[in-house]
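These protein sequence lines are chains A, B, C and D, in that order.
For the first sequence, my numbering begins at 3 and goes up steadily by one.
For the second sequence, my numbering begins at 3 and goes up steadily by one.
For the third sequence, my numbering begins at 3 and goes up steadily by one.
For the fourth sequence, my numbering begins at 3 and goes up steadily by one.
Accuracy of the hints is not assured; some may be wrong.
[Stated by the list, open to error] Facing chain B, from chain A, some residues (calculated, C-beta under 7 Å):
| id | residue |
| --- | --- |
| 1 | 20 |
| 2 | 21 |
| 3 | 23 |
| 4 | 24 |
| 5 | 27 |
| 6 | 28 |
| 7 | 31 |
| 8 | 36 |
| 9 | 37 |
Treat the hints as calculated values from the structure; they're not laboratory data.
Ideal Cβ placement from N, Cα and C applies to all residues, glycine included.
If you want the building blocks of each chain, they are given just below.
Protein chains: 4
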Amino acid sequence: MTDSADIARLIISCPDQPGIVAAVSQTIADLGGNIITLDQYSTDPEGGQFFQRTVFHLPGLAAARPQVERAIQEQLADRFRMEWSLHDTSRPKRVAIFASKTDHCLLDLLWRHRRGELPMDIAMVVSNHPDLAEDVRTFGIPFFHVPATPGTKEEAEAKHLELLEGNVDLVVLARYMQILSPRFLEKVGAPVINIHHSFLPAFIGAGPYQKAKDRGVKLIGATAHYVTEDLDEGPIIEQDVIRVSHADDVAQLTRYGADVERAVLSRAVKWHCEDRVLRHGSTTIVF
Amino acid sequence: MTDSADIARLIISCPDQPGIVAAVSQTIADLGGNIITLDQYSTDPEGGQFFQRTVFHLPGLAAARPQVERAIQEQLADRFRMEWSLHDTSRPKRVAIFASKTDHCLLDLLWRHRRGELPMDIAMVVSNHPDLAEDVRTFGIPFFHVPATPGTKEEAEAKHLELLEGNVDLVVLARYMQILSPRFLEKVGAPVINIHHSFLPAFIGAGPYQKAKDRGVKLIGATAHYVTEDLDEGPIIEQDVIRVSHADDVAQLTRYGADVERAVLSRAVKWHCEDRVLRHGSTTIVF
Amino acid sequence: MTDSADIARLIISCPDQPGIVAAVSQTIADLGGNIITLDQYSTDPEGGQFFQRTVFHLPGLAAARPQVERAIQEQLADRFRMEWSLHDTSRPKRVAIFASKTDHCLLDLLWRHRRGELPMDIAMVVSNHPDLAEDVRTFGIPFFHVPATPGTKEEAEAKHLELLEGNVDLVVLARYMQILSPRFLEKVGAPVINIHHSFLPAFIGAGPYQKAKDRGVKLIGATAHYVTEDLDEGPIIEQDVIRVSHADDVAQLTRYGADVERAVLSRAVKWHCEDRVLRHGSTTIVF
Amino acid sequence: MTDSADIARLIISCPDQPGIVAAVSQTIADLGGNIITLDQYSTDPEGGQFFQRTVFHLPGLAAARPQVERAIQEQLADRFRMEWSLHDTSRPKRVAIFASKTDHCLLDLLWRHRRGELPMDIAMVVSNHPDLAEDVRTFGIPFFHVPATPGTKEEAEAKHLELLEGNVDLVVLARYMQILSPRFLEKVGAPVINIHHSFLPAFIGAGPYQKAKDRGVKLIGATAHYVTEDLDEGPIIEQDVIRVSHADDVAQLTRYGADVERAVLSRAVKWHCEDRVLRHGSTTIVF
Chain A
3 MTDSADIARL
13 IISCPDQPGI
23 VAAVSQTIAD
33 LGGNIITLDQ
43 YSTDPEGGQF
53 FQRTVFHLPG
63 LAAARPQVER
73 AIQEQLADRF
83 RMEWSLHDTS
93 RPKRVAIFAS
103 KTDHCLLDLL
113 WRHRRGELPM
123 DIAMVVSNHP
133 DLAEDVRTFG
143 IPFFHVPATP
153 GTKEEAEAKH
163 LELLEGNVDL
173 VVLARYMQIL
183 SPRFLEKVGA
193 PVINIHHSFL
203 PAFIGAGPYQ
213 KAKDRGVKLI
223 GATAHYVTED
233 LDEGPIIEQD
243 VIRVSHADDV
253 AQLTRYGADV
263 ERAVLSRAVK
273 WHCEDRVLRH
283 GSTTIVF
Chain B
3 MTDSADIARL
13 IISCPDQPGI
23 VAAVSQTIAD
33 LGGNIITLDQ
43 YSTDPEGGQF
53 FQRTVFHLPG
63 LAAARPQVER
73 AIQEQLADRF
83 RMEWSLHDTS
93 RPKRVAIFAS
103 KTDHCLLDLL
113 WRHRRGELPM
123 DIAMVVSNHP
133 DLAEDVRTFG
143 IPFFHVPATP
153 GTKEEAEAKH
163 LELLEGNVDL
173 VVLARYMQIL
183 SPRFLEKVGA
193 PVINIHHSFL
203 PAFIGAGPYQ
213 KAKDRGVKLI
223 GATAHYVTED
233 LDEGPIIEQD
243 VIRVSHADDV
253 AQLTRYGADV
263 ERAVLSRAVK
273 WHCEDRVLRH
283 GSTTIVF
Chain C
3 MTDSADIARL
13 IISCPDQPGI
23 VAAVSQTIAD
33 LGGNIITLDQ
43 YSTDPEGGQF
53 FQRTVFHLPG
63 LAAARPQVER
73 AIQEQLADRF
83 RMEWSLHDTS
93 RPKRVAIFAS
103 KTDHCLLDLL
113 WRHRRGELPM
123 DIAMVVSNHP
133 DLAEDVRTFG
143 IPFFHVPATP
153 GTKEEAEAKH
163 LELLEGNVDL
173 VVLARYMQIL
183 SPRFLEKVGA
193 PVINIHHSFL
203 PAFIGAGPYQ
213 KAKDRGVKLI
223 GATAHYVTED
233 LDEGPIIEQD
243 VIRVSHADDV
253 AQLTRYGADV
263 ERAVLSRAVK
273 WHCEDRVLRH
283 GSTTIVF
Chain D
3 MTDSADIARL
13 IISCPDQPGI
23 VAAVSQTIAD
33 LGGNIITLDQ
43 YSTDPEGGQF
53 FQRTVFHLPG
63 LAAARPQVER
73 AIQEQLADRF
83 RMEWSLHDTS
93 RPKRVAIFAS
103 KTDHCLLDLL
113 WRHRRGELPM
123 DIAMVVSNHP
133 DLAEDVRTFG
143 IPFFHVPATP
153 GTKEEAEAKH
163 LELLEGNVDL
173 VVLARYMQIL
183 SPRFLEKVGA
193 PVINIHHSFL
203 PAFIGAGPYQ
213 KAKDRGVKLI
223 GATAHYVTED
233 LDEGPIIEQD
243 VIRVSHADDV
253 AQLTRYGADV
263 ERAVLSRAVK
273 WHCEDRVLRH
283 GSTTIVF
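One chain only, chain A, in its complex shape (with noise of 0.2 Å):
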């Protein structure tokens, strides 16, 4: 709609009291900004946690921002004790895919983010398969085969992080079957997206559409989550569900399941690279 020049998120969390959106509408307010939209949400209006998403263009936008964020500090951040961070739409997040074989979800992203629709700049594909690399390259995107054997996870996840580092603002695990070890999550210093293939917390782990035909479900579904060291833990992102029958076998399940797949994953990409979600907890609000 506007373009997206000259336009910023703020988001922010603190405790809850009294006074807080007309604080943040009046500091942007004064920096000369227009506040284009503006979410809220309150574990609890009395000693809760206050979250919020302010939308707002100020002219001069990359010139202002030293200005900005010192008026965010010390006009909101020190009165609410405020964890807050801005973001010029104009920078697009920087986004790593890692992949193994199957194509679905990796192609939902690349495809999309061709057309328009995913506001992130795909700096990389990782795969521990060369399988897709001709289908990444077809879409301009570089494409990095890193091999993940049991004795050389150590060197792989070395590997990752040395094309990771400074490079990327976000890792996105469009169903990359290697598990990250908890040294790799605490280094690669970016949030990691990961999409489980079942209605979480219903059959983690592997083979859920096994799982599910065995305990004979009615739907199947899928989640995307951020990762953490607990694993099909993290705070989730979105979910989504598709209806199944008796007749329909695992490997019917499982295309059916791509397709949920695909789409949560997108949309909780899309969603994240928009700064819509905030982590509270092991939960997350999206705006």
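Based on these hints, arrange chains B, C and D on the given structure of chain A.
Just chains B, C and D now, with coordinates in the frame of chain A:
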């Protein structure tokens, strides 16, 4: 969550321009109010129309109301050429429900109201048939039977106006099978919400399920909308659909449709009573 | 559509092998019957288990029933090692509904039954609380209050068995908040359907909406299943979900959940009463 | 599941009368076939039209085909005044896809085909623009650019018929932005499936997302249908919708719509290629 005492909703609409959010939140803060939620929408940041719904807590709201209204008028409305309304959530809207013979929409509203899901007072149920009298009175709600025949339509509407005048803030047509005259709509002095048994604008007019069957659609739906003089053309509040198949006959479509109708109408009434629905020409903004 | 008189449903299950469909349809044709619908499923054409539901019209069904049963046994069951049952649709299943204090599932069943949507007779409603007595009796259905305290559980179940014995073909737990003993399940002599207020197998046990809130899921669900001795592990009949957000507290999740629960339970009961649900180990086939 | 060799699909349609299912299954059993699935539908058991899809395994199908066809004609078709067709699943349908400039429907078909989800051979892609040539050829599929201008429409259609004649069993219009002439439809000799970017019959014609925005609907949809001479009036195969809000502009509706379009078209094409879609006047039966 919070007790509804001392909570107000301010609904505003005005030409968009910078500073509205800041001015509104400052005015509320100056009055001693604390914003709980705030939603806004602009049809176009440059030259469009701006809409905002602000829910705030203000101790002693009832006593302070004249002062609050004056502040809004003087500090906001005059400056921004604003249309506005202020709602005290401790005074729920008074609602009249019109029904005929089918019970699904009516019962869903009565039952949700009884269990505390709908923030409204049901002042009365009016019907052109006596069939549902006992059902209604079981809920402790007054039931008025006003027969409507082609020859007595004018008389019936006069009776309706007599019942409604000064008593209701909203009229809900819960599958009321009579068309209201333009004269009635002009005189009733309250918005009227209708449930139409199709996914408008498909299948306007009578017999939508038969039409849906003939056309072979794979989904059927329902639409809750404000009633205007243009039949089935009023602003849409809410819609939903359900999947059907070739094997469903018209009777079965009607049964499936009933489930969608009651869900859609109940949501629309709830949202209206929470002042979430703002009219904008032939459309609505639903916060 | 067709009058339900003279319409039978034949449910069969046997090891899969060629010729079953032909044999069944020939037997029915020889008896003078006309197949209306026929559904079948094989877990594996080679060495799997075969299931079929056949609905057929046979003039004079009631009088011819012994002859029909003999033909099925001799021409089909003996040959294919078949388990089978024959249901005359003019004799609806007799159902007991167990409830506690919450009314949403119970009322939805009573409304749908009154409207003619559920092909069953409601023999009685049994509750461990007196709260819903008046609601139930308004529908002309017997209500029995059988208190259940930790010390009197055995006595209460003896009373239940006395009420149910010979009187019902199905027991429906419509948010009945007591766990049935293995002894009761063994003696009741009728299938028992329960509605669980989560998307099983997620959030088994008590308090699923609180657990869902804590885990931060983006959809909540409900599951109708047959009750077995393994709590929350019985074969699933139907499931559905509804989208929720971070802004919904546990009370709101509970309200949304109630809508899903009543819809899922009503569908499961309808399908069971239409003999559409076939048990297969820990899963179901739903035709 | 089972290898597709030796598996046939028999599609029949005839006036309903007793004994059809038995006769069909007996004929198949006599030929040595084993029924895998069987679906049937009658518009009315008394005097209606009967439809059946039977999938069966018959060892040596290819060699036995003439004998099978003779048996069907003599034992079934003549007796029941049946229209029928027999399909060998080892011979997938040959498909031509027509596209213009937008890629979402086309790519989804190509991806799913490559992944083995669609039981068809893609013979060619035809477009009135050259834009998608490279994308298509990456998949190893022939791409033909046939420009279509108002003055050369007849010439273009002649070229189309030349390309298609004898080469395809199905034509899929994957957002092909040209109207096919009645003469073309008459001569093409294969069914044509189109994806319309609205929930038909709402918003027929051009610009449906703008119309949807203007009307203020809360859901938008897409419809896959067989093409007939009556524009946007052909028998509907599949439809779906997605929820939208007042905040979505026409560009955003178009993006959401693209997701629904590609999902709906891919399902319709899959079902057609599996011989699940039977035409019945202006509607379809989808088994």
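Status of the hints after comparison with the structure:
Hint status for residue 20 of chain A: holds, given a least beta-carbon distance of 4 Å to chain B, under 7 Å. With its C-beta approaching chain B no nearer than about 5 Å, residue 21 of chain A sits inside the 7 Å limit, and its interface hint holds. Taking 7 Å as the C-beta contact cut-off toward chain B, the hint placing residue 23 of chain A at the interface holds, the least distance being around 4 Å. The interface hint given for residue 24 of chain A holds, since its Cβ lies 4 Å from the closest Cβ of chain B, which is under the 7 Å cut-off.
With a cut of 7 Å, the hint placing residue 27 of chain A at the interface with chain B holds, because the nearest CB-to-CB distance is about 4 Å. Nearest Cβ of chain B to the Cβ of residue 28 of chain A: about 5 Å, under the 7 Å cut. The hint holds. Hint status for residue 31 of chain A relative to chain B: holds, with the closest Cβ pair at about 4 Å, below 7 Å. A least Cβ separation of about 4 Å between residue 36 of chain A and chain B falls short of the 7 Å threshold, and the interface hint therefore holds.
Proximity of residue 37 of chain A to chain B holds as hinted, the smallest CB-CB distance being about 4 Å (cut-off 7 Å).
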